[in-house]
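Trainee: Starting from the given sequences, assemble the full structure and let the hints guide the process.
Chains as they are written, first to last, in our numbering: chain A, 1 to 109; chain B, 110 to 771.
Since the hints were made in silico from the structure, they are not lab data. Incorrect hints may have been included.
Each computed BS3-like pair below joins lysine-lysine, with the alpha-carbon atoms no more than 25 Å apart [claimed, not checked]: (1) B:Lys374 - A:Lys59; (2) B:Lys636 - B:Lys583; (3) B:Lys684 - B:Lys656; (4) B:Lys684 - B:Lys636; (5) A:Lys59 - B:Lys656; (6) B:Lys681 - B:Lys656; (7) B:Lys374 - B:Lys445; (8) B:Lys656 - B:Lys636; (9) A:Lys59 - B:Lys583.
Small disclaimer: the values here were computed from a predicted structure and weren't measured.
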Amino acid sequence: MTAALVVGAVLAVACVVLVALPFLREPAARDDRLTSPDELEQRRLSLAEERDRALATLKELEFDHRTGKVSDDDYRRLVGPLRQQAAQALRALDLRAEQAADERVPTRG
Amino acid sequence: MADLGRAALVTAFLLLVYALVAGSLAAWQKRRRLAESAQNALLAAFGATLIASAVLLAALARHDFSFQYVADHTSHELPLGYTLTAFWGGQEGSLLLWLLVLTGYSVAAVLTGRRAGREVLAWVVPTLGLVGTFFAMLLVFVASPFATQAAAADGAGLNPSLQNPYMAIHPPMLYLGYVGLTVPFAFAMGALLARRTDERWIVATRRWTLAAWAFLGVGQLLGAHWAYVEIGWGGFYAWDPVENAALMPWLAATAFLHSVMIQEKRGMLKVWNVLLVVLAFCLSIFGTFLTRSGIIQSIHSFTQSSIGPWFLGFICLITAASLALIFVRLPLLRSKTRLESLVSREATFLYNNLLLVALALTILWGVVYPILSQAVTGEAATVSKPYYNFFLHTFGLPLLLLMGIGPLVAWRRASLRALGRTFLWPLGAAVIAGIALLAAGAGSSRIGVVAYTFSVFVLASIALEFARGTAARKALGGVGWGGAFSSLVARNRRRYGGYVVHASVVLLAIGVTGASAYQTVHEARLKPGQSMSVAGDRLVFRGYETKTESNHRAIRALVDVYRGNDYLGRYKPGKNQYFAEDQVSNEVSIRHDWLTGGDLFLIADQVNANGSIDLKALQKPLVNLLWLAGIVFIGGSLIALWPDAREARRLAERYADGVVRI
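Mentor: Structure below.
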């Protein structure tokens, strides 16, 4: 009974400490905001997903062509627009990276 | 010790309530430290549940009959292994196992799910907290495993059908599957609540879903084998409501695993995917409700209990809240792309999804209808095997066929000429197989011939996929056949792991068809020295032998089996009479023929006082392919689950700025 009581008390204290830990570690946090991606970051993520999707689709098409699931004619018809799509996604990402870099460079007075 | 168990459960309950309330507040008001604190509460809840579980396990091991649960489910004579597995042999213990697995999963999911993004993760914590709170509440207020009594001299023992080695593995596997479906649900809800409906929640939960689905699949196959060797009726799946309860979320999760690929590759089906995740989760809770409420007559329902209304309320709450949230977030879930052609890989995935969901919903109706009719008319209607078999054939056979068609069709669109080329070999193999089957006399079952012909088509299509893929990889140069094959699989683990899983489903289909459509059954009353025949085997009954074990008396019929003049061995079907439980169980005897994959299955239906036996013999062709399917299924799942360093690098680069600290 005593052992159970001690284990129970230790458990309760350990739980309280663990739950309170973020506040004990930073009693007066300078920034307590749970930051989320801003518009620019959201746009970058969306563009990165689009780029990966376009590149994966292109890769799938190449593979399907090599394994005979896509005929030469279909391949020629489909590959152009897909390459364009992938290039557009890559260009948009580069543009966004340049914009982000420009925003980070301080203006000289 | 019971006090410690109770205290640990109350602590876990309070921590989970905190994770729910503080986590919601933190996500709503975007407060970082509070979000971290709620996350830590989940971690602490796991610790507290672990202690509660250790207390129950210790009480079982010590035969502490002052614990009502221990007295109700064990006895002094029960072997130690079964005494420990009685942890999940009753309602309260299995709810505790639910909570233990859930809190363990919650900790692991939150620690590894940072890719979902901090704002999504902040909502995942209270969602997991909500589910945990429900189960902890049941354990604290409704069905405590730590209720005590004046210690009895001995316990009531464990249900004889649970005294089987599978008891150690089948329920935990199913629970790992059921509970695992909470993780994708929590991330999907987190993404919707945080208004982040991009792919991050899918990336974060991809492996969780696959693992939960694999556990659920393996758990069901283990259950099927358990039923086959233990229950003694000669089958492996009886469309029992509780068996169906595990099958339904597995079907919904299977649909999700396919349709999520369409979202990843084409950005389509976002609403459908979230709906499937909700459906799979709700069906897993519904399955637990069916097993534990005692509302239905099932071999798995060991108790009548009062937890049913609580489960029903929780299912209604979760379903309504999830659907409302999806409705509110519909504008964020619109797809930019559309299906380009009805003859494409995406389209076959869509057809497969419709068939899987239709099958799951018809099974759901079969399970729910007797309950509804009981509630409305006062009489429970019976939905039996023909209903389920009809829909299994209607939806299952096209599904089988689609498993062969899908891999042969290109993404986006496929031309007729390309289709003709890719279908040539599999179609040729299927036609030849169909003709050969008819010539061999398999036409006695039309469904059987169709299932086998489709199976050959699918296997040929899978083999062709591996062969063409390896050849294409080798053509790039630098590797031999072996290198090309391993590189092909390593670079596309999900695809080729998926094909291996498809092969396991084909083996399953062949086994099920053989054991049901081509089964031979013979029953006879035999006196010692008399014989009967089944499918060419002669069975001679020689008499009985009896043996007394620590917790039961075993009586076995001695049956010698001959094929022509060859003696194949002595088999011993019989019955066990359990002392503490005062119950009799059927103990079957099975002769496996590893060469043909078939079984001779012997049941001592009746042991008569005059020394005769009512013997039932079943010849089940190809039934062992079912168990082989399980091994292949595990192999395929492991290939798909195996970490892919290349993919991990790509995702790390994609989400580099989005990975978070909490």
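Trainee: It remains to establish, for every hint, whether it holds in the given structure.
Mentor: Taking the hints in turn, this is what the structure says about them:
Simply put, B:Lys374 and A:Lys59 have alpha-carbon atoms about 11 Å apart, close enough for the 25 Å limit, and the pair holds. The hinted pair formed by B:Lys636 and B:Lys583 fails the criterion: a straight-line CA distance of about 67 Å is larger than 25 Å. Taking the CA atoms of B:Lys684 and B:Lys656, the gap is about 11 Å. The hint holds against a cut of 25 Å. A threshold of 25 Å between alpha carbons decides the hint, and for B:Lys684 with B:Lys636 the separation of about 17 Å falls inside it, so the pair holds.
This hinted pair does not check out: A:Lys59 and B:Lys656 have alpha carbons roughly 67 Å apart, beyond 25 Å. About 12 Å separates the Cα atoms of B:Lys681 and B:Lys656, which keeps this hinted pair within 25 Å; it holds. This hinted pair checks out: B:Lys374 and B:Lys445 have alpha carbons roughly 12 Å apart, not beyond 25 Å. Simply put, B:Lys656 and B:Lys636 have alpha-carbon atoms about 21 Å apart, close enough for the 25 Å limit, and the pair holds.
Note on A:Lys59 and B:Lys583: the hinted pairing holds, with a Cα-Cα distance of about 16 Å set against a maximum of 25 Å.
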